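Using the hints provided, position chain B relative to the given structure of chain A.
These are the residues of each chain, in order.
Protein chains: 2
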Amino acid sequence: MATSKHPWAEELPLLYDHLWKCLTRGISDRDAAARHPTLATVNKSGMPQARTVVLREADQQAATLATYTDIHSDKIASLRVNPAAALHIWDAEQKLQLRVEANVTILNGDEVSERWQRIPEHARTAYSRGPAPGEPIANSLDYTKTPAENAFAVLWLDIQAIEALHLGQHHRRAIFKRANNWAGQWLVP
Amino acid sequence: MATSKHPWAEELPLLYDHLWKCLTRGISDRDAAARHPTLATVNKSGMPQARTVVLREADQQAATLATYTDIHSDKIASLRVNPAAALHIWDAEQKLQLRVEANVTILNGDEVSERWQRIPEHARTAYSRGPAPGEPIANSLDYTKTPAENAFAVLWLDIQAIEALHLGQHHRRAIFKRANNWAGQWLVP
Chain A
1 MATSKHPWAE ELPLLYDHLW KCLTRGISDR DAAARHPTLA TVNKSGMPQA RTVVLREADQ
61 QAATLATYTD IHSDKIASLR VNPAAALHIW DAEQKLQLRV EANVTILNGD EVSERWQRIP
121 EHARTAYSRG PAPGEPIANS LDYTKTPAEN AFAVLWLDIQ AIEALHLGQH HRRAIFKRAN
181 NWAGQWLVP
Chain B
1 MATSKHPWAE ELPLLYDHLW KCLTRGISDR DAAARHPTLA TVNKSGMPQA RTVVLREADQ
61 QAATLATYTD IHSDKIASLR VNPAAALHIW DAEQKLQLRV EANVTILNGD EVSERWQRIP
121 EHARTAYSRG PAPGEPIANS LDYTKTPAEN AFAVLWLDIQ AIEALHLGQH HRRAIFKRAN
181 NWAGQWLVP
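Chains as they are written, first to last, in the working numbering: chain A, 1 to 189; chain B, 1 to 189.
Okay, chain A solo, but in the shape it has when bound:
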């Protein structure tokens, strides 16, 4: 085969490392595709829900990710019923799709107080007492956000599988599973 522009796409171990490079860039680089993944969950009626989140932590060794949320948000209610989540990233520049399957643990209170301390004052309004996100209001700005440490929750994603689809000159698709120690398996795209 001719030399490829994307050597990382052609070998499973290289691809796996590349996926983690992408995820990790989401933490440090505000413009990286992995900065704003879509988190899909299932609500108590069995309906899928999806929303943008901000990726906050990524640990390749443990194969875990983390994002933050207001404990009153609908995703918390959904995850309490069904802790499975799908995290989705489409990197248009690389023509690379990442699909992460994870079990989610909700962390709150003392176990996340160190993280709370590191959140800048102006950013703390995203975690608020008072009316919950999604409550009906008469006018668009009929709400106030009052920072509250006990409204701050961390969604801790224990990754079970990562699937990659690369739409390069050739299309390639692979899945990596925790159960197989991340060995990787090519799939028909």
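Hints listed in this document are in silico derivations from the structure and should not be mistaken for laboratory results.
For chains that are exact copies, the list does not tell them apart, and a pair is met inside one copy or across any two.
Derived BS3-like pairs: lysine-lysine, alpha-carbon spacing no greater than 25 angstroms straight-line:
id	residue 1	residue 2
1	Lys5	Lys21
2	Lys177	Lys95
3	Lys145	Lys5
4	Lys177	Lys44
5	Lys95	Lys145
All values derive from a computational prediction rather than experimental measurement.
Just chain B now, with coordinates in the frame of chain A:
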């Protein structure tokens, strides 16, 4: 209130029209955020799944959308068990999130043959006989795609609700429901 840079964000009817303008741009403009939404479904084990799709049709009057897929794909299997879908768009430039709830009908065969005729030859390989997308293969390129009209399916999304979140200078969130004839309701962001 001072004059806003985003008058469409401040009145429910303007916001609703703006959301449809965004969706419709996804059909005609390859670079529009709505060109590549994330489609979330629930598989037969009750797990959420999410993947990028290409938006193909948008009809504000009927409040329907459409995307195309290979009938052998995992989203078809999931939608046959649970026809509910969430379509998600994050428009980074506008700082605008669209969340669409829809009931999906799978169209195939004669009812989509006119659409099939309009698909250019080179694009038809996305709908193929032979090994299904997601089947394990020994090497990354151990597959061939042979266009097959009977593998071509249209996912017809009958929208039940559209939720918007605008992260402008002020944050605004609203939901529009078919059941309320799309009148709209402000929500706490």
